[in-house]
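S.K.: Sequence:
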Amino acid sequence: MERTVMHATQSTERLAELIETRHATLSELRSLAALQYRIVNSRDLGKLVELLAAKQRFLERLRTIDDALAPYRHDDPDSRLWADPARREWCRQLAAESVVWMGEVMELEVAAERCLAAQRDETTAELDQEACRFRAISAYRSSDVAEGSGWAHEG
13 MERTVMHATQ
23 STERLAELIE
33 TRHATLSELR
43 SLAALQYRIV
53 NSRDLGKLVE
63 LLAAKQRFLE
73 RLRTIDDALA
83 PYRHDDPDSR
93 LWADPARREW
103 CRQLAAESVV
113 WMGEVMELEV
123 AAERCLAAQR
133 DETTAELDQE
143 ACRFRAISAY
153 RSSDVAEGSG
163 WAHEG
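The opening residue of the sequence shown carries number 13 in this note's numbering; numbering runs sequentially from there.
Derived by calculation from the structure, the hints in this document are not laboratory data. Being a predicted model, the structure only gives us computed values, none of them experimental. Hints may be right or wrong, so weigh each one.
The list that follows gives simulated cross-link-like pairs (lysine to aspartate or glutamate, EDC-like), each with its CA atoms no further than 20 angstroms apart [stated by the list, open to error]: (1) Lys67 with Glu119; (2) Lys59 with Asp79; (3) Lys67 with Glu32; (4) Lys67 with Glu121; (5) Lys67 with Glu116; (6) Lys67 with Asp78; (7) Lys67 with Asp56; (8) Lys59 with Asp78; (9) Lys67 with Glu25; (10) Lys67 with Glu125; (11) Lys59 with Glu121; (12) Lys59 with Glu125.
Cβ pair distances, simulated, as ranges [unchecked claim]: (13) Ala66 with Asp96: 31 to 41 angstroms; (14) Ser155 with Glu72: 53 to 63 angstroms; (15) Ser23 with Met114: 15 to 25 angstroms; (16) Arg85 with Glu121: 18 to 28 angstroms; (17) Trp94 with Ala36: 25 to 35 angstroms; (18) Gln131 with Asp90: 43 to 53 angstroms; (19) Ala80 with Thr135: 36 to 46 angstroms; (20) Thr135 with Glu62: 33 to 43 angstroms.
Don't be surprised by glycine CBs; every beta carbon is placed ideally from N, CA and C.
Please put together the full structure from these sequences, using the hints given.
M.R.: Below, the structure is given as structure tokens:
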């Protein structure tokens with residue numbers, strides 16, 4: 013019986029470590045997502061690429077942690093044996109805060125994506141306008157050449 017209790021508390025200790033690591037990783041991702049939004053708004057694509065590369069490492073870490081947490085998702089939380097009730101409560105708080113932070117990260121991602129889409133649409137409109145100007149200038153030049161009457165040769 014004592015061996016089973018020891019194994020169960022080791023299992024919950026591993027769960028606690030994973031929850032703490034996930035929380036810390038989400039804290040970093042939350043900061044990076046906020047920075048990403050600011051960078052997108054500043055239109056600094058060089059910094060954005062650097063940030064996305066850094067962010068990718070945290071996303072991979074989060075995926076690894078979530079994979080390690082998978083076996084615990086099917087357990088009844090009330091049936092877990094904890095060596096310390098305060099540790100259990102601490103983990104519950106971290107897990108709840110992690111859910112909130114994940115929502116914030118996703119909201120920031122959506123906001124940055126919308127901002128990038130708006131910038132893309134604005135750039136497309138500017139390019140379309142420049143293309144129209146170019147076609148108009150080309151048309152005037154073509155008509156001058158076709159008529160054989162350059163403006164510079166009068167008089």
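S.K.: Now look at each hint and say whether the structure bears it out.
M.R.: Each hint, compared with the structure:
{"no.": "1", "hint": "Lys67 with Glu119", "verdict": "holds (16 angstroms)"}
{"no.": "2", "hint": "Lys59 with Asp79", "verdict": "violated (30 angstroms)"}
{"no.": "3", "hint": "Lys67 with Glu32", "verdict": "holds (19 angstroms)"}
{"no.": "4", "hint": "Lys67 with Glu121", "verdict": "holds (12 angstroms)"}
{"no.": "5", "hint": "Lys67 with Glu116", "verdict": "holds (15 angstroms)"}
{"no.": "6", "hint": "Lys67 with Asp78", "verdict": "holds (16 angstroms)"}
{"no.": "7", "hint": "Lys67 with Asp56", "verdict": "holds (16 angstroms)"}
{"no.": "8", "hint": "Lys59 with Asp78", "verdict": "violated (28 angstroms)"}
{"no.": "9", "hint": "Lys67 with Glu25", "verdict": "violated (28 angstroms)"}
{"no.": "10", "hint": "Lys67 with Glu125", "verdict": "holds (15 angstroms)"}
{"no.": "11", "hint": "Lys59 with Glu121", "verdict": "holds (16 angstroms)"}
{"no.": "12", "hint": "Lys59 with Glu125", "verdict": "holds (16 angstroms)"}
{"no.": "13", "hint": "Ala66 with Asp96: 31 to 41 angstroms", "verdict": "holds (35 angstroms)"}
{"no.": "14", "hint": "Ser155 with Glu72: 53 to 63 angstroms", "verdict": "holds (60 angstroms)"}
{"no.": "15", "hint": "Ser23 with Met114: 15 to 25 angstroms", "verdict": "holds (24 angstroms)"}
{"no.": "16", "hint": "Arg85 with Glu121: 18 to 28 angstroms", "verdict": "holds (24 angstroms)"}
{"no.": "17", "hint": "Trp94 with Ala36: 25 to 35 angstroms", "verdict": "violated (20 angstroms)"}
{"no.": "18", "hint": "Gln131 with Asp90: 43 to 53 angstroms", "verdict": "holds (49 angstroms)"}
{"no.": "19", "hint": "Ala80 with Thr135: 36 to 46 angstroms", "verdict": "holds (42 angstroms)"}
{"no.": "20", "hint": "Thr135 with Glu62: 33 to 43 angstroms", "verdict": "violated (21 angstroms)"}
Of the numbered hints stated above, those contradicted by the structure are hints 2, 8, 9, 17, 20, listed in ascending order.
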